[in-house]
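Engineer: Chain residues, written in single-letter form:
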Amino acid sequence: MKLKGKVVTGIFSPGSKSEHEAVYLETEEGRHRLKRKGGNPFSDESLKAFIGKNIIAEGELNDYFFEITEDPEETE
Amino acid sequence: MSHSIKVIITSKTNLQNKYEKKFTAVDKLLRQLAASDKKRQLDTHIIYIDDKTSCKKVGIKPVAAVTKQSAKEAVDAVARKLNPAYILLFGSQDIFPFQEVKNPAKDDDPTVPTDLPYACESAYGTDVSAYTGPVRVVGRIPDIPATVDMKYLGIVFKNIIGYKKIPSAKLDKYFSVSAYEWRKSTAETITNLFGNAGSLKLAPPAKPAYTAKDLSPLVHFYNCHGSPIDSNFYGQKGKQYPVAQHSANLNGKISTGTVVASECCYGATVYNPDSEDSKSLSIANTYFYNHAISFVGSSTVAYGPATGQGLADLITQYFVRNVKQGASTGRAFLEARQKFLSVSGPHLDVYELKTLAQFYLLGDPSVQVVEDIQVENGADSISNRRLNLFNKGLNLHATIAPSGKMKKPASKKTGKHPAAVKDILRQSGFSGEENEYWYKVKMKNKKMDSFAKGFLNKTAITFRTFIQNKHPLKKDTRNFSVLVIKQCGEEVLGWKVYHRKS
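Protein chains in written order, with the working numbering: chain A, 1 to 76; chain B, 1001 to 1502.
Think of the hints as simulated: they come from the structure by calculation, not from any bench. Worth double-checking, as some hints may not be accurate.
To be verified - Chain B residues, not near chain A, derived (Cβ > 10 Å throughout):
(1) E1020
(2) E1100
(3) K1151
(4) A1197
(5) S1227
(6) I1373
(7) K1442
(8) S1481
Claimed, not checked - Here are the computed lysine to aspartate or glutamate pairs in the DMTMM-like style, where the Cα-Cα straight-line distance is at most 20 Å:
(9) K1239(B) x E21(A)
(10) K1061(B) x D1076(B)
(11) K1237(B) x E21(A)
For every residue, glycine included, the Cβ atom is placed at its ideal position computed from N, Cα and C.
Work out the full structure, taking the sequences as your base and the hints as a guide.
Structural biologist: Set out below in structure tokens:
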């Protein structure tokens, strides 16, 4: 599936043992935590490059992540 | 010594649907385990809660369909009827459901999958506050979700059936990996358990290239990051999160009878390997595939400080200590839960409640890992121990007062804090402008309620939490993540910080 939105950062589960600066995709329907399929869920430099940008990304949505399967495209 | 009762509880329909023709082989494994239990003075009953014949044998009603509610009610019926010393749930979530309670903490988990309600007398529900009195010894043998693997089951059952108790000194060595950031807390835990933390590995630099020799100790302890449906545990140093352990790295390197405790978020989850990015098994399933005997870990996001001890550090540590002292893994875990409640109570904040619910025991709870430790001044039978644990659990349930959400008092909406709170905010590195939530302690015991009201001028006890909304990992600063202040009116009774980074 394809999702369109803005890449932003946020703190995942503050105060927990998993707390970290996570990357999210803010879409019109809601916010999804981003991860590349096979990538590190806590820190992925290639995703950080999109922070603040609007993208269209192909991927799979599950209960926890939107897992990007192909390189996202930047949009206006 | 008289025999104790053990029950193996599962679903015939779900096993038949999943294993199809191989169901008979699964049933045979269960019967082999029950037969071998006789040598350990255990009368073991296999109970398919959705099978008329099986239920009739133990005098309970079969369930029409296996749901969370019917599974809980069936376990309660079995417990009332047979008073088993050990309850073994067989199968992962696609065979026998985890219970699911609402997440009491403010984090990203909507619910908490848990086996805690199966260990409690309270009726089916989704409020964890009802389950503050665990009285039953419960464990679960997980199969591999959505996967039929008879080799795996063969290994798991062979290990349990053939298990021979070992001298406790054999649990004096350990394999332990900690995220670098949590090195102080983990070193304290490991020193408490083993007397020294000299072999503790920190990630980074540690990574999953551990040799069979590294992994040979019979106790494994992890304090790393974990992620859902992920075959890795992760270390951390600053903003680096390298892989600290990978399930495939364990293959062929684990000693038979290894006991594992993992503090990691999602550390004990078992999932369909087809859903995982690299199609790898969960770390928990992989341990059992490689002859581990017991695994304690969390279903969801867990909590604990980076320095000092709290929450996940405590419940996992108590479990390992009890195993080393000769308890069966099931009793070790029940006693760990009770000790956690005793230490954390009488008033539980929402992070303590979540910790209680989210950790569960995988493996046969009747396995005693080490030989009986001889004491000169007395001994207890299993029945006497269960009586004691049952009474202790009921007492805990009667006296522990969990907390629940409340609206922020109108008088506190100004953003101004009294001097005592300002002092705490300053000491803990909080500004007071973080996200703030209020919880009220729900007293269950009238006498305690009346004492507290008299003692504390008839004012309710509250927990006030401040959750930082900015990343705390800034160089040369001391910041914390969640601040919990316990107070009664304006009087501060105490405060705690969870997951401190320094």
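Engineer: Just to be careful, I want the Cα atoms of K1237(B) and E21(A) compared with a cutoff of 20 Å; is the pair within it?
Structural biologist: holds (13 Å)
Engineer: Given the hint that K1239(B) pairs with E21(A), test it: the Cα-Cα distance must not exceed 20 Å.
Structural biologist: holds (8 Å)
Engineer: Run the C-beta distances from K1442(B) to all of chain A and say if the shortest one exceeds 10 Å.
Structural biologist: holds (22 Å)
Engineer: Would the least Cβ to Cβ distance between S1227(B) and chain A come out above 10 Å?
Structural biologist: S1227(B) not clear of chain A: closest Cβ-Cβ about 4 Å, inside 10 Å.
Engineer: Report holds if the minimum CB distance from S1481(B) to chain A is greater than 10 Å, and violated otherwise.
Structural biologist: violated (4 Å)
Engineer: K1151(B) clear of chain A by more than 10 Å, beta carbon to beta carbon?
Structural biologist: With a cut-off of 10 Å, K1151(B) remains clear of chain A, as the shortest Cβ separation is near 26 Å.
Engineer: For A1197(B), is the shortest CB-to-CB distance to chain A above 10 Å, so the non-interface label stands?
Structural biologist: Check passes; 19 Å lies beyond 10 Å.
Engineer: Verify that the Cβ of I1373(B) lies farther than 10 Å from every Cβ atom of chain A, and report whether the claim holds or is violated.
Structural biologist: It holds; I1373(B) is separated from chain A by about 33 Å at its closest Cβ, greater than 10 Å.
Engineer: Against the 20 Å threshold, does the CA-CA distance of K1061(B) and D1076(B) hold or violate the hint?
Structural biologist: holds (12 Å)
Engineer: Is E1100(B) truly not at the interface, in the sense that its beta carbon sits beyond 10 Å from all beta carbons of chain A?
Structural biologist: Fine: 13 Å to the nearest Cβ keeps E1100(B) off the interface.
Engineer: Beyond 10 Å from every chain A Cβ: check whether that's true for E1020(B).
Structural biologist: Non-interface label on E1020(B) holds, nearest chain A Cβ at 27 Å vs cutoff 10 Å.
Going down the numbered hints, you'll see the structure goes against 5 and 8, while the others check out.
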